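Visitor: Listed here are the chains, written in short residue letters.
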Amino acid sequence: EDKVVQSPLSLVVHEGDTVTLNCSYEVTNFRSLLWYKQEKKAPTFLFMLTSSGIEKKSGRLSSILDKKELFSILNITATQTGDSAVYLCAVGYSGAGSYQLTFGKGTKLSVIP
Amino acid sequence: NAGVTQTPKFQVLKTGQSMTLQCAQDMNHEYMSWYRQDPGMGLRLIHYSVGAGITDQGEVPNGYNVSRSTTEDFPLRLLSAAPSQTSVYFCASSRGTYHIYEQYFGPGTRLTVT
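Listed in order, the protein sequences are those of chains A and B. Position 108, counted from 1, in the first sequence is what the numbering used here calls 143; the numbers after and before it change by one each time, with no gaps. Position 9, counted from 1, in the second sequence is what the numbering used here calls 565; the numbers after and before it change by one each time, with no gaps.
None of these hints come from the bench; they were simulated from the model. What you are looking at is a predicted structure, and each value in this text was computed from that prediction instead of being measured. Keep in mind that a hint or two might mislead.
Claimed, not checked - Chain B is faced by these chain A residues, among others (derived, beta-carbon under 7 Å):
#	residue
1	Ala77
2	Phe80
3	Met83
4	Gly139
5	Gly141
Unchecked claim - Dumping the calculated DSS-like pairs for lysine-lysine here, alpha-carbon to alpha-carbon at most 25 Å:
#	chain 1	residue 1	chain 2	residue 2
6	A	Lys38	A	Lys143
7	A	Lys72	B	Lys565
8	B	Lys565	A	Lys143
9	A	Lys72	A	Lys91
10	A	Lys102	A	Lys92
11	A	Lys140	B	Lys565
12	A	Lys140	A	Lys92
13	A	Lys38	A	Lys103
14	A	Lys75	A	Lys143
15	A	Lys103	A	Lys91
16	B	Lys565	A	Lys76
17	A	Lys103	A	Lys92
18	A	Lys140	A	Lys76
19	B	Lys565	A	Lys75
20	A	Lys140	A	Lys38
To be verified - Sample of chain B residues facing chain A (criterion: CB under 7 Å; computed from the structure):
#	residue
21	Gly598
22	Leu599
23	Glu658
24	Phe661
25	Pro663
26	Gly664
All residues carry an ideal CB built from backbone N, CA and C; glycine is no exception.
Using the sequences and the hints given, assemble the complete structure.
Guide: In structure tokens:
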């Protein structure tokens, strides 16, 4: 049973479009939610959210967490071809006396000119 | 700082062979972990360590062993390779154990078992 579910699994948009990626989760002892970008290599860190309702922004990317409804969204405005990647959502939780991350399957974003 | 390094980048094994994937970090991070990534499956945790001498199992530990004799190194051993272990393996490290910190990933090792 998946603890972290991302949707959609894939998405094709045109340059300049705005996209919203979704991540829902169900874990006990929730600690954090993280977004990563992966382009044919290792995942690179985008955001970490720990408090509900606080928006994190970095340029054209932003993310918000809803701890009550157990989901997060990642928004990308004015998309560019360089945004093409798999976006991974990971949820950090306390387990076995330490902090662990569980990843979703990812959303593959393709931005076409 | 080199960050998280992994060797080798690519490896082909025959069924039944054993090998060790190397992982090292130079950031003095306490927490290190190994993930495998398969198409359509996301990243799945194999083993993790919260400090030298301490390791524990993740979601998919069968067929793999780890040890953590130093803070810097966290090798992953495949005991008897099977085709089901064909995957991309990522090592990651993080500053904290119980506290919340981002994980830094190594470049990955692509393993094929024939």
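Visitor: Taken at face value, is the distance from the CA of A/Lys143 to the CA of A/Lys75 at most 25 Å?
Guide: holds (11 Å)
Visitor: Go through the hint on B/Phe661 and say holds or violated, using the shortest Cβ distance to chain A against 7 Å.
Guide: With a closest approach of 4 Å, the B/Phe661 hint holds.
Visitor: Holds or violated: A/Gly141 as interface residue toward chain B, Cβ cutoff 7 Å?
Guide: Nearest chain B Cβ about 6 Å off; hint holds.
Visitor: Hint validation: A/Met83 versus chain B, beta carbon distance must be below 7 Å. Holds or violated?
Guide: It holds, given that the least Cβ distance between A/Met83 and chain B is near 6 Å, below 7 Å.
Visitor: Is it true that the CA of A/Lys140 sits at most 25 Å from the CA of A/Lys92?
Guide: Given pair A/Lys140, A/Lys92 holds - Cα atoms ~23 Å apart, limit 25 Å.
Visitor: Measure nothing beyond the straight line between the CA atoms of A/Lys140 and A/Lys38; if it is 25 Å or shorter, mark the hint as holding.
Guide: holds (11 Å)
Visitor: Close enough to count: is the Cβ of B/Glu658 nearer than 7 Å to one in chain A?
Guide: holds (5 Å)
Visitor: Would the hint linking B/Lys565 and A/Lys76 be met if the CA-CA limit is 25 Å?
Guide: The given pair, whose Cα atoms are some 11 Å apart, holds under the 25 Å limit.
Visitor: Does the closest beta carbon of chain B sit nearer than 7 Å to the beta carbon of A/Phe80?
Guide: OK, holds: A/Phe80 within 7 Å of chain B, min 5 Å.
Visitor: Hinted pair, alpha-carbon criterion (25 Å max): B/Lys565, A/Lys143. Please report holds or violated.
Guide: holds (24 Å)
Visitor: If you take the shortest Cβ to Cβ gap from B/Leu599 to chain A, is it below 7 Å?
Guide: holds (4 Å)
Visitor: With 7 Å as the cut and Cβ atoms as the points, is B/Gly664 at the interface with chain A?
Guide: The hint holds - B/Gly664 has a Cβ within 7 Å of chain A, the shortest such distance being about 6 Å.
In summary, the structure agrees with every hint in the numbered list given earlier.
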